[in-house]
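Hints given; two lone chains; assemble the complex.
Chains A and X, in that order, give the protein sequences. Read in order, the letters of the first sequence correspond to residues 1 to 363 in our numbering. Read in order, the letters of the second sequence correspond to residues 1001 to 1410 in our numbering.
It should be emphasised that the hints constitute simulated quantities derived from the structure, not laboratory data. Treat the hints with caution; some may be incorrect.
Said to hold, decoys possible - With a straight-line cut-off of 25 Å between C-alpha atoms, the simulated BS3-like cross-links for lysine-lysine are:
#1 K324(A) <-> K358(A)
#2 K1178(X) <-> K1277(X)
#3 K1136(X) <-> K198(A)
#4 K1335(X) <-> K1277(X)
#5 K198(A) <-> K1117(X)
#6 K1178(X) <-> K1335(X)
#7 K1095(X) <-> K324(A)
#8 K322(A) <-> K303(A)
#9 K322(A) <-> K1095(X)
#10 K1117(X) <-> K322(A)
#11 K1117(X) <-> K1095(X)
#12 K1095(X) <-> K1178(X)
#13 K358(A) <-> K303(A)
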Amino acid sequence: MTRTRTNWAVEPWDDSEMLECTQIVPETADTWTFTFRSPSGAWFDYQPGQFITLDLPVDPSKGQAGNVQRTYTLSSSPSRPLSISVTAKAQATSIATRWMMDNLKPGMKIRAYGPSGIFSSHRHPARKYLFISAGSGITPMMSMTTWAWDSGEDHDIVFVHAARRPSDIIFRQRLEQFAHRSPGLQLRFTVEEPEPFKTWHGYQGRLSQIMLGLMASDYLEREVFCCGPEPFMQAVRDMLIALGYDMDHYHQESFGAPVESEAESPEMDDVIPDEESRAQISFTTSGVTTGCAETDTVLAVAKRAGLNIPSGCTFGLCGTCKIKKVSGEVHMVHNGGISDEDIEDGWILACCSNPMGKIAVEV
Amino acid sequence: MTQPYSTARLIASRQPGFSLPRELYCGEQALQDDLQQIWYREWVFAIPSCEIARTGSFSTLQLGEYPVIIVRGADGRVRAFHNVCRHRGQRLCPKTSGSSPKLVCPYHQWTYDLDGKLLYARDMGEGFDPSRYGLKPVHCADIGGMIFVCVAPVPPSLADLAQNLMRYVGPSALAESKVAHSSTIIEKGNWKLVLENNRECYHCGGSHPSLCRTYSDDPLMTVMEGPNAASPEILAHWDRCDKANLPSRFVHGDNMQWRLARVPLMDDAESFTMSGKAAVSRRMGTIPWNDAGALMFYHFPSSWNHFLPDHAIVFRILPISPTETEVTTKWLVHKDAVEGEDYDLQKLTEVWLATNDEDRRVVEENQAGILSPAYEPGPYSPSQEAGVIHLVDWYCATMTERLGLQTAAE
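The shape of chain X in the complex, shown without the other chains (with noise of 0.2 Å):
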């Protein structure tokens, strides 16, 4: 069978510092692979914890073709299972969340209990042994109040990530938070294009006029060399941190697939709100002043996050189909903020609902001229575009190894 392109030749021809070809943002070999090569084998963040706080509280998601529920079991543990009921298949919860005692297949009450086991199937027969229907395990870890789950038999290492993203989130104390809002929206555009499009601030200056009220277009601002290495504003908010035992320092891992780096607000702004004050009067976790800026955490291929001292927002992609992207965005607060009270809703979402439309549009036209057979890949700006060339390269370079092998293979 002869395939229209293969896209480990696609990616082998690209050039390095430019756009990607055609193909790979529209094509639905490219998704393919996408999927079998990164969003089956890598690590996904999907919700936060807070957000299945007490026992029999779940969420579910789809993961490509994987529909996925992860679920709180009455020993305080988070697991993750494949939603696939045992019996005949059925996805056995539908919801996008909720909290049920037990996990029950709506088609035939075949009943688990929240740690998967197969506690009754009714009219089974004689000889049936629940314990080998029980729901099939995901691979899951909550770290530091971050939920991510992994498809794969034999998830890759997250002992690296674990260790910094815990020490650099724990002063937000998000296992004692508390989900304010929740937006899903679609995209009409390549996963690997909204990605791209967070990766850099060069359209910022053109397209978000309520978030450049704080958050600096500078790219000197996006693009840190190392801990040690960064803009001098950076490095003085760095010292300062320092002083108060606050992680701050910009730190990555292998390729770039994960950064961290707390960096201020412009002119001392305390969060993302159109008056660069605070949105939420109590405060979250430990970190000590107001304005300590944002932490910056993305981790490839799915998610990119803001941990400000008043409230949290966490982001989430999954690939619908090679042109539409699912964008979870989630505005954490501390647990006993009241709303009305302490906080107001529209003053909290306000800047990052108007950014994510906005960006939603940049990625939708995006697409479209992508989709003209007349496109043809174009260059990055080095200084401006540095956070898109470690995307591309973590992608091609990730790609490249696991298509090299899968063909070596064949």
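So that you can see chain A by itself, here it is in the shape it has in the complex (with noise of 0.2 Å):
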């Protein structure tokens, strides 16, 4: 006897269906949330993290010709079939999401592709995850936790998100609520100010190694997903490469351009120090000039050559070994022991300073 099926009798949407907006929700002061359904009571089948494209008429009078193709990643999870959802933030220059927010209207009917892309949990079964995100490159990391939440699975997820202020934080209080109730939800939030009269209890200041220790100190055995501004990504890469974070287990997505396939997947021009790559370090002062590889540290080399450079915490962050580099490009990647006017000043930390060919200091 086959039995019926009570849901899910039909078949999951296509994007020959145009989607109906149904629901408008603002979730913080300038991001707000654009719910959409299918018009035949189609259910929406993708993977969590994954983004979908949306043909705004933004100049109707245009006719098709004035639509532009935006992508959003979905901050909805498939673990809820029956609506999808995009939440986006305006930024100053942005014309689509603004066309969103000044004209869309539960009831009209849009045009949308997909859903598609790479960026999900989905591809990268694990034990452990490590979601780091900033600004609204949090939805990804919400569609992510919802089905990790919804799956009724034992998870294990150490959520790190970056914001500006506190109420600029998305999602905040639905985290929240998931985390009360799932020991294997952490929640760890970093802002760049607190709120003027309210107390903060999380995190502030720039993303950093020492921060990323606190937040989750098993994070090299966590399979990290990564979603934000490019330059936010980038220190997060040199991060984790830095403290010898298996680089194959690192997948992002850029809210900015989400990336559809592997073959799309832009290479990453990370600076990797390389044990066998040689450099060459110049002490001015010393006359004293020892070849390196590129992986020794400023300060390591020095000592080795009979030269000494005062040092302390010899991670970047008491800025004890500060030193003037005279020519030549390190990579460097501080724990916010030096400020961003020292460094575009030709300072550097010696003892987390690798040289990348030949460089000269003044020690």
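In structure tokens:
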């Protein structure tokens, strides 16, 4: 006897059908969630973390020609398949998102393509995850976290998110509700500045190696998913590489340009100091020049050459080993022990700087 | 143990309206009592906030026995700490000012965040809890761009001063200024003599030829009775300021601990310059006229100040010994004013550099005379030296109350 299905009798939605906007909800001062359903009642089948391309009639007077296509990572989860939603922040220069905020209304139908993309925990099953996001880069993380929660299984996720201020943390309440009921979800928020007249007990300041170590001491064992502006993701990659993290387990999505397929993934031009690559340091005050590997720190090379640079923490926090670089390039991953102004003026911290090729320093 | 004298008894023995007994101006015990009862209990003006405008900018000062560091955090907030490492007590930051992303002890590199939290201490063992060894905070308040600190466990209320000072200095937009010049001198005189000298202009005619080009030594210009009673010239000035919503009328705190009033300069002069003209072409804040005079603000025990339309001059005194006082003067101009273009540093500073040096000589000679066993307190001029009487009465009342309580507790 064939058992009749209560739900999902129909096929999942495909993008030949237009989507109907059903709900518009403000999340923070400049971020809104737009929810869509299929008029036929079809359900949505995708992988958490994927994105969708919306075809928006930004200038309706020009007909189809006025449309712009924009990709948005889905903030909804396929574990809740009746609708999909995107959550977008209106940047000062945004056209499409601004159009949605100003013009999109429940009942309107728009054309959409997808969902697609390779940024999904489904494609990289792991025992432990580390999600790292900044700003609206939180949306795919929300999707993957909701899936983990809805799956009813034990999960182990450290959820790191960086925002400008506490009130800019998108989905904060929903995440906290998950976390209150699930010891497997650890939330770690850091903000540039707290709200005036409101206490803030989370982290503050730019994400650094030290902060990451405090947020998830076992980060080396975790599958990392990262999404945010490119400079943020670059900083995360530099941190992880310097900490010896196996980058095969690192995955990233940019909310600026989501990636459709492996072939489309951008080549990361990370600076990875190579043990085989030779470098050379000239200590100009001492008149000593010595060869070394790119993986050596300036501090270690100085010591080997019989020179001593006063130092303290040896990981770029205390700033004691600050020296002037005369020429050449170093790769420096510090922990806040040097200011951006000093870096611009040519100062480096010897303990966390690797020479890339030939360099000269005032030692 | 017997003391050579008791500060409380000396104060009790003083004759109101007369200068103080000799030991109060030169004795070690008097200085210790002054520090304990006043300097360690009152709010002390430290620096203008523009001096530490960016994250990590800091400034240090020595308040009696207390080295203090004031620093701006990554969140933009200004905080003050005891400038003492929690490891073995090294003075954390020996420089008077600078900028640093973290506060690092030069001895063993204990590293504190700008909010005082201990971030890193090497090899301190398993059970070491860094959260117990953060920097000790010092009370710190930024009032309209003037930063005050207080090392007392419970500081006195600042509400009254804050409310008035913010209103009066608001139009000068101090936070939007920069320090164009700073000078620190040591005057070989007791801190009370330095302040007494500042509180009267009886001596101006004989000592300050350059200041007197623009600042009147008429006692009616210095002493005001209240917000509606002053010389006709000042009342006219206040009426004019009222119409422009520029707070100007005389206000003061309890016991005259602080005072604010905007007074005109002589003959419509614009600024404390040799020419009487503005020293800075790019004006500060929103004061509507060049001839708005000087907003004068003093606060016992540490500060007097002049806020002019084109620049501001802030003064801080700190006692060094019974007969030595550090006097720091800072000239503030609009932060975008360019030296050599909008102002000439020499023209900006010459009047008060000269006046400070003249005052130094006056105070040092005053101290030298008081050091003579032949000194005996003399009478203040009621009309010329009312400001000194305010100071000495405030000092004696404060000390009597606090030393009295202390005596009662013993």
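Outcome of the hint check:
no.	hint	result
1	K324(A) <-> K358(A)	holds (15 Å)
2	K1178(X) <-> K1277(X)	holds (21 Å)
3	K1136(X) <-> K198(A)	holds (23 Å)
4	K1335(X) <-> K1277(X)	holds (20 Å)
5	K198(A) <-> K1117(X)	holds (20 Å)
6	K1178(X) <-> K1335(X)	holds (5 Å)
7	K1095(X) <-> K324(A)	holds (20 Å)
8	K322(A) <-> K303(A)	holds (15 Å)
9	K322(A) <-> K1095(X)	holds (17 Å)
10	K1117(X) <-> K322(A)	holds (22 Å)
11	K1117(X) <-> K1095(X)	holds (20 Å)
12	K1095(X) <-> K1178(X)	holds (20 Å)
13	K358(A) <-> K303(A)	holds (18 Å)
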